[in-house]
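Protein chains: 2
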Amino acid sequence: MKKKANPTPKKSSPAKPSVREKPVILITNDDGITAPGIRNLVESVKDIGKIVVVAPDKPQSGMGHAITIGQPLRLHKVHVFEGIESYACTGTPVDCVKLAVDKVLHRKPDLCLSGINHGANHSINVIYSGTMSAAVEAAIESIPSAGFSLLDYSIEADFTGARKYARLVVEKMLTTKLDKHTVLNVNVPSKPVDLLRGLKICRQAYAKYEEDFIERNDPHGRHYYWLTGEFVNFDKGKDTDVWALANNYVSVVPVQFDLTNYVLKAKLEKNWQ
Amino acid sequence: MKKKANPTPKKSSPAKPSVREKPVILITNDDGITAPGIRNLVESVKDIGKIVVVAPDKPQSGMGHAITIGQPLRLHKVHVFEGIESYACTGTPVDCVKLAVDKVLHRKPDLCLSGINHGANHSINVIYSGTMSAAVEAAIESIPSAGFSLLDYSIEADFTGARKYARLVVEKMLTTKLDKHTVLNVNVPSKPVDLLRGLKICRQAYAKYEEDFIERNDPHGRHYYWLTGEFVNFDKGKDTDVWALANNYVSVVPVQFDLTNYVLKAKLEKNWQ
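Same order as they appear, the protein sequences are chains A and B. Everything in the first sequence is counted per the working numbering, starting at 1 for the first residue and increasing by one. Everything in the second sequence is counted per the working numbering, starting at 1001 for the first residue and increasing by one.
Hints in this document: simulated from the structure, not taken from any laboratory. Note that the coordinates shown come from a computational prediction; the quantities given were computed from them, not determined experimentally. One or more of the hints may lead you astray.
[Unchecked claim] Pairs of lysine-lysine, DSSO-like flavour, derived with a Cα cap of 27 Å:
| id | chain 1 | residue 1 | chain 2 | residue 2 |
| --- | --- | --- | --- | --- |
| 1 | A | K236 | A | K180 |
| 2 | A | K265 | B | K1108 |
| 3 | A | K236 | B | K1164 |
| 4 | A | K58 | A | K46 |
| 5 | A | K265 | A | K172 |
| 6 | A | K265 | B | K1164 |
| 7 | A | K164 | A | K103 |
| 8 | A | K238 | B | K1270 |
[As the list claims (entries may be wrong)] A few chain B residues that face chain A, going by a derived Cβ cut-off under 8 Å, partial list only:
| id | residue |
| --- | --- |
| 9 | G1064 |
| 10 | R1074 |
| 11 | E1082 |
| 12 | G1083 |
| 13 | I1084 |
| 14 | I1127 |
| 15 | K1172 |
| 16 | L1196 |
| 17 | R1197 |
| 18 | F1213 |
| 19 | V1253 |
| 20 | L1259 |
For glycine and all other residues, C-beta sits at the position ideal for the given N, C-alpha and C.
Extracted from the complex, chain A is given alone in its bound form (with noise of 0.2 Å):
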């Protein structure tokens, strides 16, 4: 019985097809491995792909498209998520994206999630986000990606809603024919579910917060500032993001990482040069 004794997994048999015939799907965060969002998303859509989790083992919100360079990087493999592969990072979101392809899968998966973030991620805080920029990271890679976030910062958030529109975003994804460089920006309003009107595929508004440092003296006597603000609408349009969540709809931003601007490339090349 040589066989039995060998347990080397074998090709998977056509009786019995092997979980690896699923879709690869990669979720990462921005507020850490242990945030009720990823533990949201990863519940979602855990039984329609291979689930491997690599997400910052702490807090990277606000982050943006950093990346570590000045110092070294770990990966610590976790038991956070019921039979699901994790591994957190001492990184930033798109440290984990990089570290996942490179030295966990070996491969690129074929997706890639982000969030379920606790907090708004519409118009211009896209490029702040460690959420979207680890999103961002993964399309730049050819992984078709999305970034879901909840708007609603608290820890207690009821995530209803945001799961059953991260999985109808994923199944979509799945059998949509899409770019590779594929990045979708969703988020969910904090209502409701029977509330929610369904997905609105919308542009960036241009809104954002008005910056207002709040000046303090620390015990020591020495002054410091803390950034705060106030979300500014500067947008009439009805195509928006912002628009769409105030009236109840999921807001879908595709994203590009083509950062040039094209209508001002046109006119600076009859001009300057």
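Chain A is already provided as a structure; the job is to place chain B on it using the hints.
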């Protein structure tokens, strides 16, 4: 002689125009306020405007559009550049721009310049670059801006060409009617100035670093990874920044912060909603 006894500055007389009539130019970078690159940028334009420097107190390369949310920020007035009001900031390049506008200048400067970066920020590097993210942040805040990078990482780099073209770009920006959200990504070949063939308006190349993390053990026997990579150009276009730089042009890529992928938006509008 009451007037002489009072040193408080009065409104400038027509005979001697006030320095305030010059454009206010905010200068920052990501290599830190003591880097030779920022000194060269200050030197190259200091007679053109009223210069104020707010730059990181330490290297912040690869910080992308990171902002500091979970910690306080500090600003320290420093005397680094002869006759130039300067502040070292504990935050990221983007933090520097936000703090400069809100707490140092108490107004929007007429122009924001970032750099001169030690090393290339062409192609996809625009997205990882603290230098460029500071410039983009300024443009989000309705301040026309430009980031400058020299294709030489060395602390001993020769900035002669970069200085000449930084000044030329600033002069053009001040004499061209530009949108308040203008951002230019300017890269300069590391070549003798007489070999440089002038400005070339370009698009961002699809070229990136292919990651290859180096794996080592630390002195305590624990595993770590260090990000490295090889630059690969996937883009054959002759209208790209990578092409221009390889052909001894100074590349100028107009950059935008609306990341909406309008082509994919149109496609998904038909099929997903």
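To see whether the hints hold, each was checked on the structure:
1. The straight-line distance between the Cα atoms of A:K236 and A:K180 is roughly 32 Å, outside the 27 Å bound, and the hint therefore fails.
2. Among the hinted pairs, A:K265 with B:K1108 is consistent with the structure: their alpha-carbon atoms are about 25 Å apart, no more than 27 Å.
3. Using a Cα cut-off of 27 Å, the hinted pair A:K236 and B:K1164 is violated, with the two alpha carbons roughly 42 Å apart.
4. For a cut-off of 27 Å, the pair hint linking A:K58 to A:K46 stands: about 23 Å separates their Cα positions.
5. For a cut-off of 27 Å, the pair hint linking A:K265 to A:K172 is broken: about 35 Å separates their Cα positions.
6. In summary, the hint linking A:K265 to B:K1164 is supported, as the alpha carbons are separated by about 22 Å, within the 27 Å threshold.
7. Taking the CA atoms of A:K164 and A:K103, the gap is about 31 Å. The hint is violated against a cut of 27 Å.
8. At roughly 17 Å between alpha-carbon atoms, A:K238 and B:K1270 fall within 27 Å of each other, so this suggested pair holds.
9. A hinted interface residue such as B:G1064 counts as satisfied when its beta carbon comes closer than 8 Å to some beta carbon of chain A; here the least separation is about 3 Å, so the hint holds.
10. Here the hint on B:R1074 is kept, as its CB sits about 5 Å from the closest CB of chain A, short of 8 Å.
11. The beta carbon of B:E1082 comes no nearer than 26 Å to any beta carbon in chain A, farther than 8 Å, and the hint placing it at the interface is violated.
12. Annotation: B:G1083 was flagged as interfacial toward chain A, and the flag is violated, the nearest CB pair being 25 Å apart, outside 8 Å.
13. Evaluation of the B:I1084 hint against chain A yields a violated restraint, the C-beta minimum of about 22 Å exceeding 8 Å.
14. Here the hint on B:I1127 is kept, as its CB sits about 5 Å from the closest CB of chain A, short of 8 Å.
15. A distance limit of 8 Å between C-beta atoms decides the matter here; for B:K1172 the minimum to chain A is near 6 Å, and the interface restraint holds.
16. The interface hint given for B:L1196 is violated, since its Cβ lies 13 Å from the closest Cβ of chain A, which is over the 8 Å cut-off.
17. Because the closest C-beta pair between B:R1197 and chain A is about 10 Å apart, greater than 8 Å, the hint is violated.
18. Restraint check, B:F1213 versus chain A: the minimum CB separation of about 5 Å is within 8 Å; hint holds.
19. At about 6 Å, the closest approach between the beta carbon of B:V1253 and any beta carbon in chain A falls short of 8 Å, and the interface hint on this residue holds.
20. Hint on B:L1259 holds. Least Cβ distance to chain A is approximately 5 Å, under the 8 Å limit.
Of the numbered hints given earlier, the model fails hints 1, 3, 5, 7, 11, 12, 13, 16 and 17; all others are met.
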